[in-house]
Structure formats: structure tokens, C-alpha cells
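Student: Got chain X sorted already, so can you dock chain D onto it with the hints?
Taken in sequence, the protein lines are chains X and D. Using this note's numbering, you'd call the opening residue of the first sequence number 1 and step up by one each time. Using this note's numbering, you'd call the opening residue of the second sequence number 1001 and step up by one each time.
Below, simulated DMTMM-like cross-link-like pairs (lysine to aspartate or glutamate); rule was C-alpha separation at most 25 Å, straight line:
1. K1411(D) / E78(X)
2. K405(X) / E1078(D)
3. K150(X) / D1030(D)
Hints listed in this document are in silico derivations from the structure and should not be mistaken for laboratory results. Fair warning: this is a prediction, and the values are worked out from it, not measured in the lab.
Number of protein chains: 2
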Amino acid sequence: MFSRNTYIERRKQLAKDVKDGIILILGNSDAPFNYLANIYTFRQDSSFRYFFEYNLADLAGVIDANSSEDYLFGDDVEIDDIIWTGPVASIKERADKIGVKNSGSRKDLANFLQEAILKGRKIHFLPPYRTENRNLLSSLLFIKKDHVEKFASLELRKAIVKQRSIKSLEEVLEIEKALETAYQMHTTMMKMAKHIGTYEYEIAGKMEGIALSGGGPVSFPIILTTHGEILHGHDHSQQLMKGRMLVSDAGCETPSGYCSDITRTVPCGGKFDNRQKEVYQAVLNANLAAQKAIKPGVEYKEIHLLAVKTLGEGLKSIGLMKGDIDQAVQEGAMGLFMPHGLGHMMGMDVHDMENFDESIVGYDEKTSRSTQFGLRSLRFGRGLQQGMVITNEPGCYFIPALIDKFKSENKFKSYINYKELENYKDFGGIRIEDDILVTDKSSRVLGTPIPKTIKDIEEIMA
Amino acid sequence: MFSRNTYIERRKQLAKDVKDGIILILGNSDAPFNYLANIYTFRQDSSFRYFFEYNLADLAGVIDANSSEDYLFGDDVEIDDIIWTGPVASIKERADKIGVKNSGSRKDLANFLQEAILKGRKIHFLPPYRTENRNLLSSLLFIKKDHVEKFASLELRKAIVKQRSIKSLEEVLEIEKALETAYQMHTTMMKMAKHIGTYEYEIAGKMEGIALSGGGPVSFPIILTTHGEILHGHDHSQQLMKGRMLVSDAGCETPSGYCSDITRTVPCGGKFDNRQKEVYQAVLNANLAAQKAIKPGVEYKEIHLLAVKTLGEGLKSIGLMKGDIDQAVQEGAMGLFMPHGLGHMMGMDVHDMENFDESIVGYDEKTSRSTQFGLRSLRFGRGLQQGMVITNEPGCYFIPALIDKFKSENKFKSYINYKELENYKDFGGIRIEDDILVTDKSSRVLGTPIPKTIKDIEEIMA
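Okay, chain X solo, but in the shape it has when bound (with noise of 0.2 Å):
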């Protein structure tokens, strides 16, 4: 956990920015595994931790907007269950420590929010993810289950956008942490991908391993696959194959709750062959690219740009496109290799805020989303502000379903080599992610330098 005056603080300036009511923000409860007793490993809402700190279930934190006063609600055990679960802080203790002033059980909070409504005064809430967190904000503000997001604050939303957004040298740190953890996940990563015949699950189930020994569980379940071309798949039960790439796509939580995202990809058993390496090479010269240009002021819509089209002059290079690629990649023919964005803010989230609603977190009133086929999957477009922390992921790939829905389409003809392509559908993907600061007038990546040239890949390997 941070200082105690970093809550007080962060809690101050919300109450200023939200000015008016009731600021209601509910921690997670309890997720049932196979059996109500059986449950899944708890995760805290990242925003309740960010204001009230604890890795606890059913908690609620709530800050009156015009008087800045903050209470910290949740039961107590009870004197007959310490024998079970030993000596435990009070509410009233935890409340103390990160200098929240006055604290409740949870029958305190439905009675204070009913108060605060029949005050008339309202109540801003988070939109809810969590089916338990729905049903609670639905008995405890009187509202439809069904239509409680319709409720949710918008200033509320805006205000929590502004704080998190912009992280903090400590909160860097924290990240800086969690990529400590990815390093060691993804050189290990590489190290069991030189050996041809292990199991997608061997060497996922290490990485994983590797997170929780840092002490926080993964930021998101790992994607690892020699099928990188199947972007919603989390299977991993295939066997290494020489000639396939492998896509290790992974991060972790330290255990004050901030992410790291990799995504790394290696031939498997430890040799590019030459096909792979100028591929590769293309999307690893469309990384490096938006490595460049991202510093403060910039658009990230922009940089996603840049990247595609740095991609498509290495794929026109390999005799995979053709013609003008700055037309190419404004008519979104670039969508074909890489139908996904570059990237997206990280910080307590690995897709930071993304439960909020993307209008506000990565887009803004300048900027909007597009609804270009590729383009429109970008997460995060708006102008870069020095402190944010973004993701860096350029891929290529080769979709036997897309290439021929494509071409029966007729799309982008003058710029698809078709025919080449042919030869490529058995290739997969490529996947390259760093998490990048932007800074003052430029930007730095994140974290130990994850091998990710040609030659580095190979020498970490063999």
C-alpha cells in the first residue's frame, strides 16, 4: 500500500472534481468457484483500492462530494470467529490507517444512503461488471436490477479518468514491478519454447506459476498459442511444432494491484526460419516505429497509424501488398493483417478503466472511434498526456478466414498480393507488446528489456 496521505489526497480531489453528492464506490465480493464455499481467488475493484486501499471482500467506500467527508463500511468479525480466522483489524482500524474518518457495517451504509436519498441528494456509483455488485447497488438505491447502469455517474466516471490516468512516480514503480515478474515469465517463456513437443499448458502453467511466486495473480488470463492468428482463443493444448511461432501474451499484478501486459513471439525451437524472420522483422520495425513517436500531445490514433503503415511497407517488401501503402492504410486495408488496435492504457487494470466506457477513457471530446474495419478495434485513441502508461502491440496475421472473405470480396485488390498470400495461410501470427510511459517530451519503455530482435530471441534460445 502507498502512504496514507496518497489516499487522503486522492480522495480530496475526487470530492472537489465530482463537487456535488453521495460518491458511492463498492468493493468485490466473494466469486464462487464449483460450490458457494469454494471461491475463486479474490480481486478488489482496481478503483476501490486506488481510493480505499483493501484487498478485501464486501467493503464499500463512500465520499460526500461537498463536505470531502469519507467512510469505510464492512462487517466486523465476530468475537466467536477469531478462533477460526485469528486476530483481524477492526473496520474502524483500517479506516484509521489510510485516514479515512468515519466507519460503519454494511446494514450502516443502507441506512446512510437511504438517508442521503430521501435527502434528495444523488448518489454516484460506478457502473457495476460484477453480477453480486448489481444486485447490491439495485436493493441498495431502490433501483430496477436491470436498468442500474443506466444510473451510473458520468462525473463520477470523468473525475476517476482524470486521477488514474496520470500515474505517479510510485505507481510507476509499481508497474515497474509487475514487468520485473513479466521478464522472468517470458524469458522462461523462451527458454522451454526451444524444446519442440511441449504442451501450450507446460509452459503457461509456469509463467502463471511464476506470477503468483512474485505474489499477485496474472493481470489476465495468459494467452499462450502456436496459433497467434486465433485472437479470442485460450486454448492451450497443443503441442510446439517446428515451423509454428509461438504468441506469449501474459502479465501479472504485484500485490498492491498494478499490471503488467508482454506479448512476445518466438520461433519454436529457437530458430527464425526465413519467412518468419522477414515478417517478424516487419512487425518488430512497426514496435520500434511507435516506440519513437509516442511523447505528449500526440494522438494514439496516430501512432496506431504510423504502425500499420510501417507494417505494410515491410509486407509490400516481402511482395505481400502492392501500390501506395499511405493509401492503403487510409482506406484500412492494413485491418486484413492487423484487425486489432495498438494498443490500450494499463495501470490497475490491464485494460485500465475499461468498465467505465471507452468514450471517456480512450477517447475524449476531440477524438472519437472509428468505424474502419481494423481502426475501429483500437481501444485507446486520444491525445498522450505525460505519466500515462500505454500498451505497445503491433501484429501480423495470416487469418485463412479473413483472407478469404477478403479476396471473395474483392477488397483492397490493389493492394493485396492474393496469390502470395496463399502461401502464408498456414503461418499464424506475430504479436509483439511493450507498456510504455509517456514522459515529459518523449516516452520510455517500461521495465528490464524483454529480448525482442532477431538476434536476441535467438541467442536467449539456443
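Tutor: Just chain D, lined up with the frame of chain X:
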């Protein structure tokens, strides 16, 4: 997965046992982690897997108990989505593969159930343990959300308990697979626990990584603690210190969905001191006495009583108890040292079918839960049958709050040597757990033996 015929036979038997009405078995849906699209690793409902196999979200199985006609419901991947998912089997293909005759969409399920209800047919379903399924049952069956449990079918639960309680050879082999991984997990723990200063989470993370590398998740959140006396704790933040015992209670699931559940307790650093040796041997003797006595026809409640009696005799020889141990057991004095039950049924759930209702899983017409402190925590007390798999997990804990409570209430003064007990308040706890198959005339400890004698543990930690 097992053979097509296995699933067909199981469903046929279930229809036969339930006799009348429509059997509805809901699979699980995805559980959000920190926002809607970031989910916990999917865990299917065990009964769904038992009858309908697939470890995939948003499926439902239906069996008409009168006609034995069966149905698999779920939504197919849309053609456009295949770009992202790669080729995926259809619901119809999946149904065929497990011998289910009919298939349909989730909308079809809703219509099917509505028609059945209009025809006045009874719908049998299991009590939900996930909020999503409670909501789904409410909307499918037109039952108010907070009253869904009241309508859960007792006949269905009894019929499933009848089948799932008795493990087939192929199920036992799966459990032994899970035990091979547990062997790796616990022997790794022993080797790591030799190093004073190691953090609990480093060991727990390593163990969970081994589980995942075996292809399945952990069967429950790992308990790994140098404070074994805290029974309801999942904290892993402590460093291993000389003089403490490390309790490691952990198991895994196989990709087919069968569990292991093993506890070992070892001295941090690798060498038992004399006090530890004495208490450890008392617990081990209880474990071995129970192991020897487990056989068909005996009530597990009796085995529990035998184990705590053996423990009591051990504690008497150390000087912590006194008087007539048989009498002490009968009056409930052993609850001070072992406030939990000796074991539980295990299979696809680590506490098999715990969500069903204990009176039909762990007890029956002839047996019921005791109200006595200690014995009342025994989850499984009924008569043993060939093919059952149960855990044998005696423990001995020195819980300061409980000792103080009992002492202040003058409880069991004639059996407990409170004066001597004061010297053990810093001891912690010990538990030793194996998974046991009830055979035709006796029983068998499943899996490769994991060191549990003092000699074997000191040897592997040397």
C-alpha cells in the same frame, strides 16, 4: 473426456432414477475479474461435466426423465466470429459427440422450458451457487429471484448423489492423475521449506504453477501457512521462521475435472524439534489409525471418533490431556485440538457436491450431523461404500483464542491440562491429509505416497 457411452449411460440412469419430469442442468458462465471482458479462468459446473462433459461457458443440458430424450443447448459461434475464434464445433456436433440426440440455442431452451411448464411438467434443477445462474433460473422458470433455491429438486440431487458418490475405475484413475501432480506440488513445497526466510507466497505460487502445468487449476485456493492454527486463512504473506511448522493444504484438478486434496505439515528448515515430533506423531497416528479402519459398511463418523481418540491418547502421553480419553472423546473435549471433521467426499468437486445439501451428501436416513463442537464440523458421516473416495485429514491446533475461551469457561477441566497447554500457544498447527478409495473389503491410499513420516520428511528436506 470419457467414452461417448459413459455419458449416455449416466444420463439414462439419471432419467431412470428421477422417473418423472424435465431435468435441467445448467453449465456455468464466465465470471468477470476486474471488468466485463477480463474473466477468471472458466470453471464448469461439475454435474454438468459429469453428464454433458463440455468445459465451455453458457451451455445447458436437459433430460426428459420420462422418455430419456436428451438435449444440449447453447449458441453457435456466428460465421463472422470464426475470424476471431478459428474453426469451432457446432452445438449439434458437440451433442453428437457425447451421444445427445437433440440440440438447440439458448433461445430454444427458454422456449422448450416454457412449453414444458405450460404442460404442467415438473422442472428439476440443482440449487444455484452462482448469482448468474440464479438469475437465469429465475428468468427461465418464472420464479422470483430470491426464491429460486426453494424449488431446487430433492429427487434430482438424490439421484446425482447416488451416481457421483461411487467412482468408476476410470474416475479413480483421473483422481490418481490429480494426485501425481499433487505429489509434485507437495514434494516441491518440502524442498523449498527447508530455506528459512522464504515467503509463503513464493512456495504457494510455485505449487499453483505446477498444478497449472499439469493442465488444470488448483482444486481450491491453496492454504499454505506457518500459522496452521488459523483455520480460515488464506494469507501467504509470512516468511518461514525457525521453530514454526508449515501447513500446506493443496490439490489440483485434471483437465477432465477430477480433484486431489493433500495436506502435509513440515518443520520450517527441515528438522523437527522434540515438541514438534511429539505432536506430529500423535496426528500421524490418528491418520494411520483411520486409514487402517476405513472399509465398506463402517460409518465415517466412527472413523472420525477413532481418529480423535487416537489423537487424544497421543496428547495424553505428551501431558496435554489426562483422564479417560474415551470419556473425553464422548464429551467433546477433542474439539479443542481438532475443531474440524476428519474428512469429506472428493471427486469432481474437492468437497464433492457440497452445494447439494449435506443431509443427502454426507449424511442419510441413518445418520445426521452432531451438534457437538468439533464433531458438528464433520462434513461426511454416513456409511462407507465401495467406490467412494474420501479424505482422511486429522489435525491438531493450538488456537490461543479457543484455549482461553475453554479455560475461562472451565470446560473439560478433567481432560485438559491447561497449565501445560500454555506452553503450546506459540506452536501453530499440524494437519496430515490423504485421499482414500474405499475398496471391496478395505481401502487404499490413492496416488504415489507423499512423505509423511518424520523420517521421510526430514530425509526429503535434507
